[in-house]
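Chain order of the listed sequences is V and H. Each residue of the first sequence is one higher than the last, beginning at 551 in my numbering. Each residue of the second sequence is one higher than the last, beginning at 551 in my numbering.
Rather than coming from a laboratory, the hints here were simulated on the basis of the structure. Bear in mind that the values here come from a model prediction, so they are computed numbers and not experimental data. It is possible that part of the hints are untrue.
In silico EDC-like cross-links for lysine to aspartate or glutamate, where the CA-CA straight-line distance does not exceed 20 Å [to be verified]: (1) H:882 with V:586; (2) V:882 with H:586; (3) H:882 with V:842; (4) V:882 with H:842.
2 protein chains.
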Amino acid sequence: MPVAVEDVLAGNRLALARLLSQIENDTAEGRQILNELFPHSGQAALIGVTGAPGTGKSSLVNQIAYHYRHPADGRQPKRVAVVAVDPSSPFSGGAVLGDRIRMHSLSGDPDVFIRSMASRGSLGGLARATAGLVQAFDAAGFEIILIETVGAGQAEVEIARLAHTTLVVEAPGLGDDVQAIKAGILEIADILVVNKADRPGVEQTERALRGMLQLAHPGKRQYHHGRLISAPEPEEKPLNEPEWVPPIQRTVATEGNGVSELLALIDQHRDYLKQTGELARREAARLTAEVDLLVEAGLVDRWRRGLANGWYQEVLARVMNREISPRQAAAKLTASKREEG
Amino acid sequence: MPVAVEDVLAGNRLALARLLSQIENDTAEGRQILNELFPHSGQAALIGVTGAPGTGKSSLVNQIAYHYRHPADGRQPKRVAVVAVDPSSPFSGGAVLGDRIRMHSLSGDPDVFIRSMASRGSLGGLARATAGLVQAFDAAGFEIILIETVGAGQAEVEIARLAHTTLVVEAPGLGDDVQAIKAGILEIADILVVNKADRPGVEQTERALRGMLQLAHPGKRQYHHGRLISAPEPEEKPLNEPEWVPPIQRTVATEGNGVSELLALIDQHRDYLKQTGELARREAARLTAEVDLLVEAGLVDRWRRGLANGWYQEVLARVMNREISPRQAAAKLTASKREEG
Chain V
551 MPVAVEDVLA GNRLALARLL SQIENDTAEG RQILNELFPH SGQAALIGVT GAPGTGKSSL
611 VNQIAYHYRH PADGRQPKRV AVVAVDPSSP FSGGAVLGDR IRMHSLSGDP DVFIRSMASR
671 GSLGGLARAT AGLVQAFDAA GFEIILIETV GAGQAEVEIA RLAHTTLVVE APGLGDDVQA
731 IKAGILEIAD ILVVNKADRP GVEQTERALR GMLQLAHPGK RQYHHGRLIS APEPEEKPLN
791 EPEWVPPIQR TVATEGNGVS ELLALIDQHR DYLKQTGELA RREAARLTAE VDLLVEAGLV
851 DRWRRGLANG WYQEVLARVM NREISPRQAA AKLTASKREE G
Chain H
551 MPVAVEDVLA GNRLALARLL SQIENDTAEG RQILNELFPH SGQAALIGVT GAPGTGKSSL
611 VNQIAYHYRH PADGRQPKRV AVVAVDPSSP FSGGAVLGDR IRMHSLSGDP DVFIRSMASR
671 GSLGGLARAT AGLVQAFDAA GFEIILIETV GAGQAEVEIA RLAHTTLVVE APGLGDDVQA
731 IKAGILEIAD ILVVNKADRP GVEQTERALR GMLQLAHPGK RQYHHGRLIS APEPEEKPLN
791 EPEWVPPIQR TVATEGNGVS ELLALIDQHR DYLKQTGELA RREAARLTAE VDLLVEAGLV
851 DRWRRGLANG WYQEVLARVM NREISPRQAA AKLTASKREE G
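Take these sequences, add in the hints, and give me the full structure.
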């Protein structure tokens, strides 16, 4: 049964679920519907959540979703979608189990939609599918879209580029390599979360993060539990040019502690993005990256279709025999006359 | 000063170091020399080492290198190169510090060469550069090339494809998400290492791994500390068709415990690869993946050069205004007449 665009726009869950499968499977119908939905997208707040294994990201994402549904301060509940991406499971269906576990606390709520996705092939394919799911949720009227990735590698960085606000989750006592990861990941973090903050070592983790922030943003404002604790000299930060220094928020996701405060920080970051024009810049970067991914895939598809029969194997055989190098082979395989053939 | 191919082949460290920088920076000279070196490559054993942060991979890699240099059983020492790839540090120079730390126990040995590389851009670029470094070391006569990646995400899986034998490193007590990672990573593991095996929880970690192996390879042989502990019925595994079930090896890298046994398993795996023809298959897959990466980069380069001035920005602006979707934009941008223009 084909998916009707109107049903998706009207928030029909079944139509949306069918569309999400079409997008994941990259069908012609899915592509066509995404084209039609795109003009209706652009309203949602896209929040990336990433961090190393063992930090309790999934529980935290659950809690964030729950708090957006049940705001403590009497504000309007928001419609929430979760896209949980697992680039570390390229072959397994492990993400499906995660779905069942996490649905527990949010199940039965028609304004929450959770979709897990394990990688099916290349990283590029995963990022394209994630972008498609986010667009579908956005067009279907979900106001908050949480993009959760397992791990903290390059794949997660690429997927984090799909978000407006990126949360990087840490936890006390994760071992020696954690420092190395933080160095790279700090640059994509808009908000740092120290989850499992009831564990020993939380002060140490927070101190390390603050030290690295200070290195990365010397002389800028420093926050403590979301509150400003130091400010630079006025001449270093003109008042008309607000800056964002990633605040550090402690949480205990299993208890829900610190999650309201985290939501307040997320809202503050969105205000900052809007006030400074940074939201438009991030949106442009996000869409440009998506176009580039699609261009790349399109070029490779066309090249593959244009290859003369047996030519690819013939050239590869010469590489295996070490007659020509991989680069020389690539040059041969993309030489214009063959490509047009 | 240009790099002489003969100097690299003769094992001149300075020439090699210069070449490695050329490869990392993707210079025309580096590409040219790699083409000339390629026929001399193909002798090295390529060993990938991957696993989550906190598992002590770097110490383990050091120990493996040390044991290949100082074999316990009176065999010939091997020349060892280490390529340490850090896809999680796309922006930082963190990998450089790692270099200094790890050189300590192996410094001064002219037959050990360690090179760290942080990502400078796309994952594809990182994988291409890694493949280039590996080829250079291979042609320069390094017999063992260890390819170490931080993390256990899709990036690491892609880089693991560059190796003949892949070690996946775990450690006790790394938290809840570890299970999820193992599921995906098991399929690329040739040997599972439980490092930090003097810590509490090692039996539990090993039991979990063995359970997952049993699920993945029902009825196949099971190993315990490298020794066969169960075998399938003869009719399930014909004797003339050997199979490899990833063995589990405990190590304490900081003490060097279990590392000799690990080297024996690596050698066994290489024998298995050779006997079954799997080595040739993996080598073909590895080189094919590299050619594909280079084709992709070449196609995108050519497309970018062929773009009419301003056309890219013009089409992107229509996406930002949500007039056309990213996919429609990609189709416009790769339409043949423009591409050839």
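Structure-based check of each hint:
With a CA separation close to 16 Å, the supplied pair residue 882 of chain H and residue 586 of chain V stays within the 20 Å bound. Taken as a hint, the residue 882 of chain V and residue 586 of chain H pair is honoured in the structure, with Cα atoms around 16 Å apart against an allowance of 20 Å. Restraint check for residue 882 of chain H and residue 842 of chain V: the C-alpha separation of about 12 Å stays at or below 20 Å, so the hint holds. For a cut-off of 20 Å, the pair hint linking residue 882 of chain V to residue 842 of chain H stands: about 12 Å separates their Cα positions.
This entry satisfies every hint, going by the numbered hints stated previously.
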